[in-house]
Every structure is written in C-alpha cells, then in structure tokens.
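There are 6 protein chains.
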Amino acid sequence: MIDYRAFASAAFNEDVGPGDLTTEATIPVEIVGAGGVLAKQDLVVCGQDLAAAFFEVVGRRYGAVAHYEPLVPDGTRVEEGTYIASVKGSLRVIVVAERPALNCLMKLCGIATHTRTFVDVAGEGLRVVDTRKTTPLWRDLEKYAVRCGGAHNHRRGLYDGVMVKDNHISAVGSLTKAVSLVRASVHHLVRIEVEARTLAEVDEALATDAEVILLDNMDDEMLRKAVSKARGARPVVLEASGNMDAERVARLAEIGVDVVSAGGLIHQARWVDLSLKVSR
Amino acid sequence: MIDYRAFASAAFNEDVGPGDLTTEATIPVEIVGAGGVLAKQDLVVCGQDLAAAFFEVVGRRYGAVAHYEPLVPDGTRVEEGTYIASVKGSLRVIVVAERPALNCLMKLCGIATHTRTFVDVAGEGLRVVDTRKTTPLWRDLEKYAVRCGGAHNHRRGLYDGVMVKDNHISAVGSLTKAVSLVRASVHHLVRIEVEARTLAEVDEALATDAEVILLDNMDDEMLRKAVSKARGARPVVLEASGNMDAERVARLAEIGVDVVSAGGLIHQARWVDLSLKVSR
Amino acid sequence: MIDYRAFASAAFNEDVGPGDLTTEATIPVEIVGAGGVLAKQDLVVCGQDLAAAFFEVVGRRYGAVAHYEPLVPDGTRVEEGTYIASVKGSLRVIVVAERPALNCLMKLCGIATHTRTFVDVAGEGLRVVDTRKTTPLWRDLEKYAVRCGGAHNHRRGLYDGVMVKDNHISAVGSLTKAVSLVRASVHHLVRIEVEARTLAEVDEALATDAEVILLDNMDDEMLRKAVSKARGARPVVLEASGNMDAERVARLAEIGVDVVSAGGLIHQARWVDLSLKVSR
Amino acid sequence: MIDYRAFASAAFNEDVGPGDLTTEATIPVEIVGAGGVLAKQDLVVCGQDLAAAFFEVVGRRYGAVAHYEPLVPDGTRVEEGTYIASVKGSLRVIVVAERPALNCLMKLCGIATHTRTFVDVAGEGLRVVDTRKTTPLWRDLEKYAVRCGGAHNHRRGLYDGVMVKDNHISAVGSLTKAVSLVRASVHHLVRIEVEARTLAEVDEALATDAEVILLDNMDDEMLRKAVSKARGARPVVLEASGNMDAERVARLAEIGVDVVSAGGLIHQARWVDLSLKVSR
Amino acid sequence: MIDYRAFASAAFNEDVGPGDLTTEATIPVEIVGAGGVLAKQDLVVCGQDLAAAFFEVVGRRYGAVAHYEPLVPDGTRVEEGTYIASVKGSLRVIVVAERPALNCLMKLCGIATHTRTFVDVAGEGLRVVDTRKTTPLWRDLEKYAVRCGGAHNHRRGLYDGVMVKDNHISAVGSLTKAVSLVRASVHHLVRIEVEARTLAEVDEALATDAEVILLDNMDDEMLRKAVSKARGARPVVLEASGNMDAERVARLAEIGVDVVSAGGLIHQARWVDLSLKVSR
Amino acid sequence: MIDYRAFASAAFNEDVGPGDLTTEATIPVEIVGAGGVLAKQDLVVCGQDLAAAFFEVVGRRYGAVAHYEPLVPDGTRVEEGTYIASVKGSLRVIVVAERPALNCLMKLCGIATHTRTFVDVAGEGLRVVDTRKTTPLWRDLEKYAVRCGGAHNHRRGLYDGVMVKDNHISAVGSLTKAVSLVRASVHHLVRIEVEARTLAEVDEALATDAEVILLDNMDDEMLRKAVSKARGARPVVLEASGNMDAERVARLAEIGVDVVSAGGLIHQARWVDLSLKVSR
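Protein sequences appear in the order of chains H, L, V, G, X and E.
Going by our numbering, the first residue of the first sequence is number 1, and it counts up by one from there.
Going by our numbering, the first residue of the second sequence is number 1001, and it counts up by one from there.
Going by our numbering, the first residue of the third sequence is number 2001, and it counts up by one from there.
Going by our numbering, the first residue of the fourth sequence is number 3001, and it counts up by one from there.
Going by our numbering, the first residue of the fifth sequence is number 4001, and it counts up by one from there.
Going by our numbering, the first residue of the sixth sequence is number 5001, and it counts up by one from there.
Heads up, some of the hints might be wrong.
No more than 20 Å apart at the CA atoms, straight line, and that leaves these computed lysine to any residue pairs for SDA-like [to be verified]:
1. H/Lys225 with H/Arg191
2. H/Lys277 with H/Ser86
3. H/Lys88 with H/Val32
4. L/Lys1040 with H/Gln268
5. G/Lys3277 with V/Ser2241
6. V/Lys2088 with G/Val3172
7. L/Lys1277 with H/Ile169
8. H/Lys133 with H/Arg280
9. X/Lys4165 with E/Leu5181
10. V/Lys2177 with G/Val3172
11. V/Lys2177 with V/Glu2201
12. L/Lys1165 with L/Glu1204
13. H/Lys277 with H/His67
14. H/Lys133 with L/Met1106
15. V/Lys2277 with G/Gly3242
16. X/Lys4225 with X/His4187
17. E/Lys5277 with X/Asp4166
18. V/Lys2165 with V/Leu2199
19. H/Lys133 with L/Glu1204
20. E/Lys5133 with E/Arg5270
21. E/Lys5133 with X/Asn4013
22. X/Lys4277 with E/Ile5031
23. X/Lys4277 with E/Arg5270
24. V/Lys2040 with V/Thr2076
25. L/Lys1133 with H/Met106
26. X/Lys4177 with E/Ile5031
27. H/Lys88 with H/Lys225
28. X/Lys4229 with X/Glu4254
Pairwise CB distance ranges (calculated) [unchecked claim]:
29. V/Ala2006 with X/Val4072: 33 to 43 Å
30. H/Lys177 with V/Asp2042: 30 to 40 Å
31. V/Glu2247 with G/Met3222: 37 to 47 Å
32. L/Leu1071 with V/Ser2086: 39 to 49 Å
33. E/Pro5235 with L/Asp1166: 57 to 67 Å
34. E/Lys5277 with X/Arg4251: 50 to 60 Å
35. H/Gly75 with E/Tyr5083: 28 to 38 Å
36. H/Val72 with L/Lys1225: 39 to 49 Å
Everything labelled a hint here was simulated from the structure, so no lab data went into it.
The beta carbon of each residue, even a glycine, is placed where N, CA and C say it ideally should be.
This is chain H alone, in the form it adopts within the complex:
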C-alpha cells in the first residue's frame, strides 16, 4: 500500500526543480502527443502504478492531462519488443514525466527480472526472500519488485520481526537468554528468528522456542547436518543465507531448507532497458 503519488511528487521535484527550461520554452501545454513504453530486452514488468502516478502528478502541476495506460500487469514476463504501456495527452506533460517515470520502471523491472532468475531455479518448496539490504528510501518499492519477480519478502524492517544476531547474543551473554529476553518483550504475534553459524549454535537455538533459525554462511555439508538436526528435534523454519547466487539456490531446495534469503535480488540487479517513443 505504497503512496505512489507522494513518491512520484518527490521524485518529480528532484528532477524539475523550479522548472524545465527546455520544454517550457518549446512545447505549449495544449499540444497533444501519444506514445508507448517499449521493452528493449526480455524482462519482468514492475512499476506500472508508480509510472502512472508521474503522469498524474506532472499533469496536475501543469494544469494539463496525460494518461499512462499499462498494457500488461506487474509481474508479467514480456519479450524484447513488447510495448508495456501507452501514454496519451499533453505532450509537455509526457516529455517532462518521461525521465523520472522511466528511471523508476527501469530500476523496478530490473529487480523483478533479476529476482525471477532465482525463483525459476528454486522450485516449489523453497521460499526465496530478500533482506534489509535495500536502497534507502526505496524499501517498500524494492520489496514489491521482489514480489513481482515471484519471490517473497523477509521482514520489512527492525520493527516487524525479530532477528537475534551475534551482537545481541554477546550483549546478553547467551543465545538462550537473548531469545528469552526478546520473547518477554515483544507482542505475541511476532516470531523470533535466531542466527546460528555453527552446529553447536543450531543445537542451542533448537533448545529455545525460536520459530526460525538462520543458518548463516554454512557450506552445503554443514547445511545438511543442520537440517538433519532440526528436523529430528522440533518444528522450525530453516533459513539459509550468505552470498547466494542462482546456482546455489537450485541446490538448497534439495538440502531441505525452507527459506533462502539473498540481498543480491535487489542490490545486484541492474536497470533494464526501456524507452518511451512519442509522436505528436
């Protein structure tokens, strides 16, 4: 439930500042134009509502109207050469809205497209999720792009899920005590995840009531042992993390973890190539 208008308004202001020197001098607000957004590579679509918001925001500022009409919904795979949206209305609005709208689309489609490559190899039983390694001020949008790419989200931030890590453990003295302190503190709709880096820590985590164990930076062999321990002990969600790439994700399903988290879904994605072709 992102406030697309607010985001588009801030992004538009950043680009246009006190005015577009070129366009305001050459394109009267009443000239109309039309065009389309062209995918110049295979990609997964993401960002249609945000793109549309730019045209609304810019139009409102200029007292004119241009519409952005999605031709395929977010989450769709399209091939190079597909028009993913059409635009129509005041040419000035279209020309001014173009760059920030495309910047958003190219970035978000980039993440959805990159994420898709992970999801495609993960199979049914393995949930691919993102991390808190997101572009500051873009978290909700990037997490949405991850969903468009077919993956799931991890917690949104520090406030809606517990992750007990080494710093927390060392501050209170033991993993067990850390979990128990947090349990007493948080509300009863929050699950606790605890990080384990060794099999001993897996044992210790299993002895708590933490619902999720993060198996961090373990090689395949250690992962297998950890999974085996956990499955023999009690119901628990097992998450693997640490420099994941698509190849390794493919093996993790077989190893038997439930979740794999990869910051790279977002921060290793590059923008896809889109262009807006306009004619009067």
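Given chain H's structure and the hints, the job is docking chains L, V, G, X and E onto it.
Leaving out everything else, chains L, V, G, X and E in the frame of chain H:
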C-alpha cells in the same frame, strides 16, 4: 551541499519504524562497543559523511552517542582488507545504525568504483559525465559518487541546463527555431545543448549559437565526421552518448569529442561488499 | 523509540501558535525560577522523557534554558504528595512549557495507573495487553504507557501482526482458506491470529496452523471449554477479549488463557492530577 | 475549520504503516460491502466529517471508493440502538478505515456526551467552557466536541486571549502592573482575564481594566462575596474554575457567575461504545 | 516567538538549491573571514535574530561555523555609516549566507524605518497599527518589524479577533444581528470590532456591545462627528482607517480616535540599503 | 512551474489559523455571492493563477466551491477601472479567500507594473533582468512577475549559474584562477560570469573564457570604455549593474551593454491598489 542529516533521518525511519524489536530488548543503551568498516574488495570510497550522519541521528534518537570516524577520505582507492572507518560508542546505536549506513556506503562506493573504470581509460582530454538516469530521490548523492569516482556531472536536472531533443524540435518545427526560442526564454548564464543524430542535424546545430552539441548514438565513423565538421566550423563543446562502455570510452578521446555521457556509471553499478565488525 | 522532540514540538506549536500573549509581555526570558511536579493522587509515573522534551523545545525556541529533571523513573508507583520531577531555569520557558508538558504527563500517567489495576489482579501467567483502540496520533505513546503500567502490547498496527476476523473470513469463504491465504502472503517472522466466536470456530482454527486464537466475547463457561479443546489439540496461544474489567481479568488466569486484551486500559483511563509549583 | 483530510491521513498512516497484512491478503479491492455505525449506548454525536474523511483517504490510497454517509448531524442526542451513519463501497476500504474512524468517533462522541451532562444542569445564564487541558494534537477536535455537547470554548491557546496568572504577577511585582503591561503589548481586539484567588485579589482586579476575572478554587461562600463585590463595582465577566463537577455547576448559575470552566469536560470523558457492522 | 531557524532554513534552501556552484569551487570551508553589515542610509534596525539564524543554518549545513553578532538591538535608529552587525568565521559560510540574510534585513529594516515616520507624528495618545495586508508567509516577521518601528499590531489573522464587515452584515441582515451572532459564537476573551462607514452605522454600532468601532474611509469632518457621538454614548475604542499617510495621522490624534490602522506601514515600505563588507 | 496550490495553502493557513471567527459565525457555507477584482490604478496584471488557487484551496477546506475567473491574462496592461477577474460561488469562501488572494495580486502586479517602466525605456537590444535581491520564499513568484512586466530573469539562485565576485577571487588569489577553478568544477551547460569593477579587471576577465562580464558600479564613461575593450577582444555578454533607475537604463542601450540587472525591479516596487467587490 547535501543535507546528510535529513537523508539519514528519513532512511533510518524507514528501517526502524516504531522501534528495533530485537536490539531494544537485548542491548541496553549504555553498553559500549567499537568496530570498523572493512572493505571486502578493492573499491573507491564514497559516502563517509552520510555514514557518519546515521550514527549521529540514531544516537540522538536513543539519547546516546556513537561516533563514526572515517579513516580515508571519499574518492580514495583502497584495497580489499582495508578498514575505511572506525566506530565507537553506544553498542545499541552502532547495531541499529549499521544496516542503513552500510546500505548507503555499499551503494555509493559501488558507483564511485564503477565510474573509476571509465575515467581510468578516458585520459586527460575527455570529460566523463553522468546523465539524468539516476535513482529517484538519490540524484545529488549519486552525482557526488560519480565525482568521487573521478568523473564529472552533467546538468543536475531540467532546471539548470538546456537540452533540446527531438520532441522539442518537432513541437516547434525546426532545430533552429527551438534553439532560438529557448535562448530568448532562459537567463544569460545558461548554455544550450542540442541533440544531433545525423550529420545534417550537426550542420543545423552548428548554424545556431548552441554551445554544446550532443552526438547521440553515432558509430565511430559518424562521430569522426561530426567532429571534423564542428572543428572546422566554430568553437563548440561536443558530447557523445549512447550505450557507452569502458572500451568505447577509450576510443572517444582519440576521436576528439570533449565529453562522453553514460547513465551506466550509475545504473549499471552494483553495491560493493563492506562489513562492520563490532566488539564490546 | 519515540521521537519525543518532534512530538513535543508539534504539541507546543498547537498551544502557543504565534506566541504567548501574556507571558511574553510579563516575564523576561532571563528571569529564573524553579519548581516541581507534584502528584496529587497515588499514581504510576509515565512520560518523563516526553515532559523533559517540552522544556528543551520551548527553551530552544526562546533562546533560553530550563531543565526538567525526573525524580523517579517511568513505571514507578508513587503516593499522593510525591514530587516526581523538578524544573529549573528560565521562568518564561517553565511557564510556557508547563501546560502541554502536564497534559502529556497527566494523560500518560493516567493510562499507566489504570493499567496497573488490571495487571495487579492478573497474576504471573496471564499477559494483559492493549488493542488498536488508541487515541489517533498517540499510539506509540499510549502503548508505552501500558508497558509502564506493567502490561504488554498487542501488535502495533495492521502491518506487524495478522488478525483474521469475520470480515476477512467471509470475503474468502472460510476461516481455513483465509489463514492459508495470509500465510502465503506474509513474511516468515509473522504469526497469525484468528478470531473465534464459537466452539465450532475454535475447532476450525485449531485445524489451521494459526499460532494464536482470539476467543472473542465468550462467557466464562465457553472460555473454559475452548481452553480445554485447545490444550488437548496442539500448542497455541489463547487470547480472550471483550469488555474486560479488572474483576474478570482476575478469573481469566484461573481459566487458563494466555493473554487478555482490553482496549479499556487506554480508552477508559482518565487523567491523573498533577500540578507544577513554581517560584522565582 | 479543521483539515479533516490531513488529520485522517496522519491517523491512518499510524495504523496501517506499510500495509494491512491481513486485509490485503484476503479482501480484493473490488469486492463491495455495506454497513452502518451503531450506537451501543445513549450518546451525543460528534465527528461525522472526520469519520467520512477516513473513508476518503483510505479509498484514495487503495484506488477504490467507499462512502461514509452520516445519518444524523453532529450535536444530536441519539439513543442506544441508533445507526448514526451508513457506509458503502469497497469492502477492503471499509475494513481498513473502520478502526481509526471508530477510534475518532468514540473519543469525540465521548466528550460531547460528557459535556452535555454539564450543560444540561447549567441553565441559560451560565456559559460552560473548556480549558487548555486538552489532549496534545487534538485541541481543535476536542474543542469542537465540546461545542457539539452544547458548551462553549475558552481561548484556543496562548495566542488568542490573555490570562494573567500568579506566575506572571509575581514576575512583574503586582497584578495591576501585570495587566497594564499586557494591555500595552497586545492588540486592541484582545480581552484580558486575570486570576484572583482571594477577595483582596478580586478588589485589585476590579481596579484594573481587565474585562474578565477568574475566580479560581473558591468555595461557594467566597464566590458569592466575589460576585457581590464585582457587580457593585463595574461591568466585568466572572469566570469560576477549579475541579468542577455537574452538581456544582448547577449551583453556580444561582451564585451569579457568567462562565464556568472545566477541563474535565475533555479529560474526564471516556469513549462511548460504537460498532461498525458490515456485510458483503 | 518566530521560529527563525525554520524560516532561515527555508529561505536558504530557496537560494542555494543543490549547492553554490561558485563558492564551493573557490572557497574552502576552512578559510576564515570577518566583516560587518553597514547601514548605507539612516534607518531603524530590525531582523538581527533572523540574520543570525542564517549564519547558523548555513554553517551547520557546511559543517563549519560563522557568527553574526548584532552591534545594536532591533528597534534602534542608526545613521548612515553605522555598522549594525559584525560577522566572523568560515568565509564560505559568510559568502553563502550573505544574500538571504541581507534580503531579510533590508526588507525588515525598511518596514521598521517606514513605520517610524508614522509613529513620530502620531504622538502619545494615538496607537498606530498595521492590517492584514501583509506579504503572505511573512506576517509574523512584518508585524514584528512594525513593532520595531514603534507602532503596534492589529489582530494577527482571522482567528484572534473579530472584525464585522459589510459582507458579514449583509449576509445576516443587520449589523446588530451580526454582532450578536458573533458574540454568541466566540470565546469570552475576544473583543468584537465592527465597521461603520456612515454616522448611522456608528449609531447602530454604538447600540451593540462591540468594543471597537472601525471608522472606515471617513473624512476629517465625519470622523469628528463620529468621535463626538461615541464619546457621548459609551466607552468604546475608535479606530480610523483608509489610505493613511503620515500627514493625516498627525491630525487624527487631535480628532480623538484611539487607533489608526495603515496597511501601507508594510506594503508601501521599500528595502533600505545595507551592505556586507568582508575581508579574509 | 510554481506549485500554486501549495503556496496558496500555506498563505491561507497563515491568515486563517484555526478558523475565521467572524465569517464562520455569520456566513453559512451555502450562501452564494459574486463579484469582481477591480483595478484602482493603471497596472500590469500578474498572479491570476495564484489568486485562483486561493479560491480552490479555501473552497476545499470548507467543503464548498467558489471560482476565480481571470478576465485578462497575466502580462496585460490595464487601465484604472478595469475588472481583471470575476469570482462566483460560496460567499464564505469568497470572503475568506479575498485578503490573501488580493495580497498576492497587489504585490505581484506591483512588481510587474514597476518592471514595465524599466522595460519601456530599455528598447529592443537591452535585456533588463532582476537579481537575487528577492523576498525570501517568494523568489519564483517575483521572478515570474518580472517576466510579466516584460523583463527577463537572471539566474534563479546559487545553483544554476556562476557569478565570480571579489570574495571568490580574493580567496583563490586571482580572477583568472577563480574562473579556471569554477570551470573545472561545474557541468558543461553552465556559463560563467565574472565581476569587474575596473578596466584592468575587464582586461583580466576578457583573457579568461568567462562568457559574461558584470560591469559593476561603473559610471557611463567607464562603461563605454569597458564596452569598447570587450567588443574589440572577443564575443562576450556584457552586463551592467549598480543602483539602476529607469532614466539610466535608457542610456545603457546606447552605450552598448547587453544586459542590465536591477534588484529594484522587485524590492523598490510597491503594491498596486485592487479591491474585490462582492454582492450576494
């Protein structure tokens, strides 16, 4: 002159929301810790002031103090294994500030590092610049990272430089008329750049008083001809653009253009790998 | 992790608008005074940091200094006649900060004090929690006051915990389907609570993997049956709700539910009586 | 002239944060529903425009529409069992807007209802007014609720009326001097009120040109004497204050004061009981 | 009680936008300088705190320090050639803060100086006041400048004083009814002013309990008659208005009105001439 | 591309604060009225869109509608007695919007009208421009008024044009070095202007590649010499400044400078006289 505190404050709020469930339950604000930010790859440093602002902002919110001390200035190339900063103070502040501060550093160092690969091959006479293809809400920061990588900036936005493109030209009827309309409209400290895609357009642009010509999407041969025409005509700044990579940049200096613009300095950069190691 | 300065600044602006007509005409900023905040009834203290923020904010606006010094920490029970804080510094600042600071203290202590009456009868095994029935714009502060009164919080809002209610169930067709849809949608650190109003619904809820069941508006007898069913079925957190008062809370521990939620902790609380006595 | 949309937007954000985990997973935006707001006790209605604003704000955010239609105007007394409003439109919007809208209605109706009990006993000649003891960030709304309950408002804040109290008097040396300093300072459309706690202070106040005298914390006998003095001296508005309850208000009209101020109209009010019944 | 930092921050952002191209390229932040603000004409000083705030705000943004030290307080008349302030510190901060700080000083001193010419001829018994004809977003500052010029303020806005004008009267049917409706509506610390344009209206106004009568656009003769009527009737404040200049103000004291209001104090004032001389 | 709604909203809030005491008590929102804005002197129109925005903003806040319809476009000269706009709709909205709307119109028309007197004598070849001496928070509006008066703008702020002044030069040691430092730093669409106060400085400036030279505070004779030097040297834009009035501007065209800048276009302008006549 970026307002780092304001940016850090917004980014911190995005991550922490109404509070850090884990850390506030386990790490009292008065426990102290220390650590350092480690480069896990070769990179160009960028973002030290912003990173420091996170520690100030988080500290102020918790009524505690932790300092981020840069060990090398922005713009420095460092090797894998170098500590680029030290942190010291309230462990809670350090643990909470870590993720958003690193997210910024990893992104900005990524751009500076990627940009450096372009600048290194461009040589003295060729100015490498960015474009308006920047992450919305990050423009000033990303343009700063480009400078840390040794390159220059193009105009910041639509308001501080003129770029006459095909849509503007077609709206008024001719390149010549577009340039003249804009000249009459803008203040006298603004230069005009006009886009040319063919040699005929180069001729037409040279016949105006535009100070800069953008040679867009030309191959090397056409570029050479355009340069030759322009040098024989009048003083003018020549800028080349269109899917630039480092290899091509290396040739452009020899061809004789003055400026090469590449959006990819920013949008094809990936985050570098940094980690914050903390101990009590 | 509430931003007390921001809250105090907004609340101060509401009261002072463009200026204090009376005080600015009569009390020069350099006259000093001192005083204390007196409890005029038995109460549980809450709001010391927020109160202090008012004196800081007002002082900064007038270019003068007055300090608010808590004499007992939040969460303490004090008797009528106790001074809970002292103030010292610019008399103008003290006089202007007094009303909004006391308004906050009287309201927050009121909630903490009222909450305490529930907690005192609940005993060890029963967790008393609040609901989303909070004063808009005051949620974090009121939930903090509930903790100062010795109780716990429920989820903060719609974003950090799942509560499946009748509207959700009827929209998808069945309780079972609703739980399963939500499980697929939310991240893996979120627990699901589902509302049950009949024993049949308790059965249905027990057949899902919802971690928490809300036993809503059941009388003691039905509650006993629901508890019995659940304890015989699987591990699950049982929460009772519906027009709770202290008397009934006392019985719930014995009935065996884990959690009791009561909006009245907050919305049936009244302000306590405090006064600020100042002398030059 | 409260900005209801702005208030509703802030209050909605507080509750929904980055999204409603439950509703967004279960209720598609295009399903429609209808329902009504039911008074579960006798009450005085207040807050219809604010409640309506929530449905508008939530609808706009979800790109859907739900209308809140008041069935009785603010200020109306209704009996238990009355529907005070109907809602119709996107079920998702209704379900998400419900809680914050009801929280506002229950609080504001609570104040109006409680205030009504004072006004009913005060009779024609006595003006019942509130004080500056209001919930921070809610002043305009609470003062509006007081009017809906049939009472009047005192000054809104420190900026639109003068109240000379003991701290002001002691800072300048005398009541007389304080009034005269303020008169010289304020604009000529402001009246001055001065606090008197003894009959001697009443005499001193009557000797100034203060238009209003606050008879603070006097018992009935002293009030009678003060009224008698004042009526024999000059035209002046007499206000009584100090821990007022409805019983005492009934006596004050007979004693002959013009105004009675009671913070408790607001801070001793409790939420009324309302529920929103929805069906598809 | 103006928030000078907030105002200076907004005004600085307007001027500097994303950065000072010239100064940031030429003046390192650590070079220091000093200088003074020179009055290039006789004037009344106003704006010292606001000017100082610019140096604080700019310094904070650049991580450097420069101080603005007033040499004479606001409200002082100084002769051409007087230094009204000294500045010292980071040369970059001084150079960047100069223009917006001077813009404010020149404007505010201009109003104070112009106002002084009215006050000087008004004499003791006549209160010269401003109106609501102020520069939008500058009201509090301009009203402060009027006070620095020795005059007083009228109400600040529509919310802190009542002015019944012809539109209000015609909407309700009569002046008498309008006054009575407003009296019932406003709190008891508000005075009512009513506009009278004829002697008949003066009579009607005198028959109400309005505390102030505005004698609008009357010539001297009619004013004399109005004053005579009023003084024979009851205590009331008489205000004259309508295209006042200094010459006419001199006559009004003798005619016997209490207050003269003139929008021109503000909107007919011009900036005074100040310059900031800096040396390293 | 000014955000008129945002400006009008802020200006309206400043005036109305928590409400219009008089109008809300006397004019129900559903009474309608109509009227017109009358020019009470010859003037150049400016501010129609901003004026209209006030009626929209006030209407939206009161849930009512009143329209402001421009009768002549901005930039038009009209004679005394002309109606420049009509208004129609909710009388309450009209009465409340009147003052802030007129304040803006009177100020902006004042600047346009004053500017016109300069432009009328400047002739074709001389560009009259403003400076950075603008009313803080009003820069874009005032610069727009200057354009409505027939003149041009100088740079908007410190960020969109370079002006090398004495402080910059003395900080780096020489004019030549200052220009070269800035050139290396700024993007390639920015022109550089350098200030020259003596003929020697003109020579030095001509030896750089600065595109514009500011001839500051030179008398006519020195200006002639400077122009002669420059025209004999290289293409360059020559700007004259320093206490310009209309008489001197008339001579400058003949002397041969290209641009004359005058802060007085804005800060020496006075409000024009307009009134809004309304009837029910």
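Okay, the hints, checked on the actual structure:
1. Proposed proximity of lysine 225 of chain H and arginine 191 of chain H is contradicted: the alpha carbons are some 24 Å apart, above 20 Å.
2. Proposed proximity of lysine 277 of chain H and serine 86 of chain H is supported: the alpha carbons are some 9 Å apart, at most 20 Å.
3. At roughly 7 Å between alpha-carbon atoms, lysine 88 of chain H and valine 32 of chain H fall within 20 Å of each other, so this suggested pair holds.
4. About 16 Å separates the Cα atoms of lysine 1040 of chain L and glutamine 268 of chain H, which keeps this hinted pair within 20 Å; it holds.
5. Distance check on the hinted pair: lysine 3277 of chain G and serine 2241 of chain V sit about 18 Å apart at the alpha-carbon level, within 20 Å; holds.
6. The suggested pairing of lysine 2088 of chain V with valine 3172 of chain G holds, with an alpha-carbon distance near 19 Å, which does not exceed 20 Å.
7. Among the hinted pairs, lysine 1277 of chain L with isoleucine 169 of chain H is consistent with the structure: their alpha-carbon atoms are about 15 Å apart, no more than 20 Å.
8. A distance of roughly 43 Å separates the Cα atoms of lysine 133 of chain H and arginine 280 of chain H; the hinted pair therefore is violated under the 20 Å criterion.
9. Pair hint lysine 4165 of chain X plus leucine 5181 of chain E does not hold up; C-alpha atoms about 62 Å apart against a cutoff of 20 Å.
10. For the hint pairing lysine 2177 of chain V with valine 3172 of chain G, the CA-to-CA distance comes to about 73 Å; that exceeds 20 Å, so the pair is violated.
11. Pair hint lysine 2177 of chain V plus glutamate 2201 of chain V holds up; C-alpha atoms about 13 Å apart against a cutoff of 20 Å.
12. The suggested pairing of lysine 1165 of chain L with glutamate 1204 of chain L holds, with an alpha-carbon distance near 13 Å, which does not exceed 20 Å.
13. Under the criterion of a C-alpha separation no larger than 20 Å, the hint pairing lysine 277 of chain H with histidine 67 of chain H is consistent with the structure, at around 15 Å.
14. Of the supplied pair hints, the one linking lysine 133 of chain H and methionine 1106 of chain L holds, its CA atoms being roughly 10 Å apart against a limit of 20 Å.
15. Proposed proximity of lysine 2277 of chain V and glycine 3242 of chain G is supported: the alpha carbons are some 16 Å apart, at most 20 Å.
16. A hinted pair counts as satisfied when its Cα atoms are at most 20 Å apart, and lysine 4225 of chain X with histidine 4187 of chain X does not qualify at roughly 33 Å.
17. The hinted pair formed by lysine 5277 of chain E and aspartate 4166 of chain X meets the criterion: a straight-line CA distance of about 11 Å does not exceed 20 Å.
18. As the CA atoms of lysine 2165 of chain V and leucine 2199 of chain V are separated by approximately 15 Å, the hinted pair is consistent with the 20 Å bound.
19. Under the criterion of a C-alpha separation no larger than 20 Å, the hint pairing lysine 133 of chain H with glutamate 1204 of chain L is inconsistent with the structure, at around 49 Å.
20. For the hint pairing lysine 5133 of chain E with arginine 5270 of chain E, the CA-to-CA distance comes to about 15 Å; that is within 20 Å, so the pair holds.
21. Simply put, lysine 5133 of chain E and asparagine 4013 of chain X have alpha-carbon atoms about 15 Å apart, close enough for the 20 Å limit, and the pair holds.
22. Among the hinted pairs, lysine 4277 of chain X with isoleucine 5031 of chain E is inconsistent with the structure: their alpha-carbon atoms are about 58 Å apart, more than 20 Å.
23. The straight-line distance between the Cα atoms of lysine 4277 of chain X and arginine 5270 of chain E is roughly 28 Å, outside the 20 Å bound, and the hint therefore fails.
24. This hinted pair checks out: lysine 2040 of chain V and threonine 2076 of chain V have alpha carbons roughly 15 Å apart, not beyond 20 Å.
25. The hinted pair formed by lysine 1133 of chain L and methionine 106 of chain H meets the criterion: a straight-line CA distance of about 10 Å does not exceed 20 Å.
26. For a cut-off of 20 Å, the pair hint linking lysine 4177 of chain X to isoleucine 5031 of chain E stands: about 17 Å separates their Cα positions.
27. With a C-alpha separation of about 59 Å, the suggested pair lysine 88 of chain H and lysine 225 of chain H falls outside the 20 Å cut-off, and the hint is violated.
28. A distance of roughly 16 Å separates the Cα atoms of lysine 4229 of chain X and glutamate 4254 of chain X; the hinted pair therefore holds under the 20 Å criterion.
29. Taken as a hint, the range 33 to 43 Å holds for the pair alanine 2006 of chain V and valine 4072 of chain X, whose Cβ atoms sit roughly 36 Å apart.
30. One distance hint, 30 to 40 Å for the beta-carbon pair lysine 177 of chain H and aspartate 2042 of chain V, holds here, with the actual separation near 35 Å.
31. With their beta carbons about 42 Å apart, glutamate 2247 of chain V and methionine 3222 of chain G fall inside the hinted range of 37 to 47 Å.
32. Between leucine 1071 of chain L and serine 2086 of chain V the Cβ separation comes to about 44 Å, which falls inside the hinted range of 39 to 49 Å.
33. The given range of 57 to 67 Å is broken by proline 5235 of chain E and aspartate 1166 of chain L, whose C-beta atoms sit roughly 29 Å from each other.
34. In this structure the hint that lysine 5277 of chain E and arginine 4251 of chain X lie 50 to 60 Å apart at CB is violated, the actual value being about 29 Å.
35. Checking the proposed 28 to 38 Å range against glycine 75 of chain H and tyrosine 5083 of chain E shows it is violated: the Cβ atoms sit about 57 Å from each other.
36. Range check, valine 72 of chain H to lysine 1225 of chain L: Cβ separation about 41 Å, and the 39 to 49 Å hint holds.
Hints 1, 8, 9, 10, 16, 19, 22, 23, 27, 33, 34 and 35 from the list above are not met by this structure, while the remaining hints are.
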